[in-house]
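Protein chains in written order, with our numbering: chain A, 1 to 75; chain B, 76 to 1020.
Worth flagging that the hints you see were computed from the coordinates, not collected in a lab. Each hint should be verified, as a subset may be incorrect.
[Unchecked claim] Derived pair list, reagent style DSBU-like, types lysine-lysine, alpha-carbon separation capped at 35 Å: (1) Lys343(B) x Lys785(B); (2) Lys993(B) x Lys7(A); (3) Lys455(B) x Lys71(A); (4) Lys7(A) x Lys864(B); (5) Lys71(A) x Lys7(A); (6) Lys503(B) x Lys455(B); (7) Lys7(A) x Lys343(B); (8) Lys302(B) x Lys366(B); (9) Lys7(A) x Lys500(B); (10) Lys407(B) x Lys71(A).
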Amino acid sequence: MSGTLDKLVHMANQIAVEFGHQQPGAAVEATYDHLWHFWDPAMRRTIVAHLAAGGEGLDPVARDAVVRLAKRDAA
Amino acid sequence: MAWRGEIDLGTRPATSEAQVTLSIDGQDVTVPEGTSLMRAAALLGTNIPKLCATDSLEAFGSCRLCLVEIDGRAGYPASCTTPVTPGMVVRTQTEKLKKLRRGVMELYISDHPLDCLTCAANGDCELQDQAGAVGLREVRYGAGASHLGQAKDTSNPYFDFDPSKCIVCSRCVRACDEVQGTFALTIDGMGFASKVAASQAEDFFSSECVSCGACVQACPTATLVEKKVAEIGTPDSAVVTTCAYCGVGCTFRAEMRGEELVRMVPWKEGKANRGHSCVKGRFAWGYAQHKERILSPMIRSAIDQPWREVSWDEAITYTASEFRRIQDSYGKHSVGGITSSRCTNEETFLVQKLVRAGFGNNNVDTCARVCHSPTGYGLKTTFGTSAGTQDFDSVEHTDVVLIIGANPTDGHPVFASRLKQRLRKGAKLIVVDPRRTDIVRGPHVAAEHHLALRPGTNVAVLTAMAHVIVTEGLADEAFIRERCDWSEYQDWAEFVADPRHAPEAIAPLTGVPAESLRQAALLFATGGNGSIYYGLGVTEHSQGSTTVMAIANLAMVTGNIGRPGVGVNPLRGQNNVQGACDMGSFPHELSGYRHVSDDAAREMFRDLWGVAIDHEPGLRIPNMLDAAVDGTFKGLYIQGEDILQSDPDTRHVSAGLAAMECVVVHDLFLNETANYAHVFLPGSTFLEKNGTFTNAERRIQRVRKVMTPKNGYEDWEITQLLAQALDYDMAYDHASQIMDEIAAVTPSFAGVSFARLDELGSVQWPCNAAAPEGTPVMHIDGFVRGRGKFVRTEYVATDERTGPRFPLLLTTGRILSQYNVGAQTRRTENSRWHEEDRLEIHPHDAEQRGIVEGDWVRIVSRAGDTTLRALLTDRVAPGVVYTTFHHPSTQANVVTTDNSDWATNCPEYKVTAVQVGKSNGPTNWQEGYDALSRRSRRIDAVAAE
């Protein structure tokens, strides 16, 4: 992975871990919402493309949130 | 306004609501109970002669000049120490009083040099005034012992001390004690031998004096006088304006002679500073005239080329053409802008408008990204508003103060003085900080508890405090049921009550003894009004936002929200951090913290600005740099910010800047970022512009132009020129029109205008129809978001871990005499107190490494390495090292990493794993960077058109 992609994966995982603790039952939704509201579209496209390429390194909650991002971007 | 000293009513105001009526010189006057006769008379317009009295200090009663006669009382009491009583009949001028006063004044003058015509205080001397007021016409006492002819102490860079002119009124000593709280001055000796002494009779520079200027301001003679007054003369006009340093937002009278600034005197009416100041605001403004200031625009095609001075027209046209070229080549989103917390609200608003409307994207961010962005996120989530809850006056009503991750005596010294005043009156103090900062223990101030936690463990400590409060049954359930979401509280209470959050469980992790933490939590929950003050030691962590929410939880669970004396108080680092955030500087928010996806908000802006606003968030500063390295971000307009020195992981910042095709630096000096710039637009200082700053208590205050901009334009005008060159029409004639636009589109500013600020002095937002005079304390009747939100705060360890290669934890901060990256203060005499950044290291860690005091040491992290000299101290615990980041030669941020807060990307400056060892000299990076700087700062001096 590139340096930037590494960072995005790390950032997404950080967000997922936090929401996993804050809202155990709604962590995916909260992580998705955070990515949607705070990440620039190019950052979102990069992480969605990474998911399409296998999503290496993504925490399960982050992965599910990015799946939701991909669906919304595709809609 | 024409110059005149501020009115001095002699003694402090009384706060009693009970009123007392008395007669003074045949006139009735009604004043609050507890008022002195001197003040009551002054309120009537009668100025009783005085020397030792001034209304910034407690009455002292030593000069014996303010004597009065009172019916039914024997003798001649001092009016400064005599309180009013109902029906009192007072005379301030009788034959006996005149004789007594002349006699006293004659004694003073007999031991005072009669050099009034050449004295620096000529025309601004209370001794001179009072000699006139009492009608002194002769001095009968001639030769004999005197204090004349003593040597001046000129050691302080900003003021002189001439003991020959001292009348030993003790005003300077009392100011140092009562106002500043440093207790650096004393009266040494007794009787005729009495004299003012700094510390142990040292010179002022070597003493404990912190050069706040309170003593100079209090001195009624020329004993303590500003060097500038001696050099220039007395001022002939004064304009009230706001300091350009920290987030306290002190207001000053800029006292002028023509367009020359003579001195900055703290304004007594200032609601943030209440007449006090620190060494930076009071004295460190010389950078505005510094020879290194750049006054002509410059451009160059590549950063290895020398600068070429050009006209404003060429610079602006070139910049606009470059940004359009880049957008045509790389797309609309390939450029952006950075606003500054050092600039005014109006300037900041205009830069974000330029980006959103002129560039057509939301790639705007602000330096708050790297300091208080977690405050915005955390307080908006829990309370509904991205701001502190109180005014600074609130500290006078607090009973227990919890300071976490802040060093107010260095970073926010004027607030620290007010805090210390309250502590000396009995309030209790809890400090949570890895370092033993000065507030932990000082003259007549001592923290009840200092929780010297391991860097990076704030969340664990705060959650453990909540654990104690909840499990001990100390939660304020009535408050919580009324104000907060009860079900969320129950969930949170269950979470914090878990034994894994107990002080005993987390002690091995945090290094905080469990019993100390328990006692601190109990004190906060049971000690009365509890207030929390915090700084960047909270926000600049990977869990910065979580820590802010943990603070909010603590305030809510104890019911400490919504009244004076309590609350959550972020101490903002720079003067306009709050304002920059309010003004829509973040890439996801429009002014007033409305998300860019808010259709109604965007429509409002579209209607006013004539262009559609992008509904997607833009790039944050670190994301811009990442995108630049990746080749998709190519142009950046930076107003008043030095990201190369202030942002983390310097190598990455430099790589990002170097990858761009047009970097525009709009600043006073060729800062470090300018080494990578293609366009330099010279900026104006706070003395040269109109506008407003918003301080840490949400207080909006005027910045007033006192001299013509040396660069030719106020900064907002330069942004406007750039917008016009980009074919986006801006046509403001005055900064007030920008504020009018801000008010029109920002609900919390709806009632703000320059006229309103001139009328009220200042207002705290929200200022609107519901609160026409502003809002000193927020969330009084309920939280802005409705019900307060408790958020679970699980401690998550940072990825920045110590280990065999990097066994120490580095944390960073600032020092009193310097400010941020030092661009301003390094160009003043303040550098005499802090000529270089040093590495604080515990003697035990130093000994293990063979390091002694003053050694050059190399500090290395996973990000980089640098060298600086060692300072051995037990202020830091073993395993922790500390440095400041004020000097570019050190570049502390070469060492810090790009770890950041999970929610906001605020960098984790406060935790870096490092190793330290002896060094023979600069690192390769430092040598290389020094060469680059020299090469980059070359200027081909071609006359501008």
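For each hint, the structure was consulted:
1. Lys343(B) x Lys785(B): holds, 30 Å
2. Lys993(B) x Lys7(A): holds, 33 Å
3. Lys455(B) x Lys71(A): Since the Cα atoms of Lys455(B) and Lys71(A) sit roughly 28 Å apart, the hinted pair holds (cutoff 35 Å).
4. Lys7(A) x Lys864(B): Answer holds: Lys7(A) to Lys864(B) is near 30 Å, not above 35 Å.
5. Lys71(A) x Lys7(A): holds, 22 Å
6. Lys503(B) x Lys455(B): Cα-Cα ~29 Å, so holds.
7. Lys7(A) x Lys343(B): violated, 50 Å
8. Lys302(B) x Lys366(B): holds, 20 Å
9. Lys7(A) x Lys500(B): Violated. Lys7(A) to Lys500(B) sits at ~50 Å, over the 35 Å cutoff.
10. Lys407(B) x Lys71(A): Satisfied, since the Cα-Cα distance of roughly 25 Å is no more than 35 Å.
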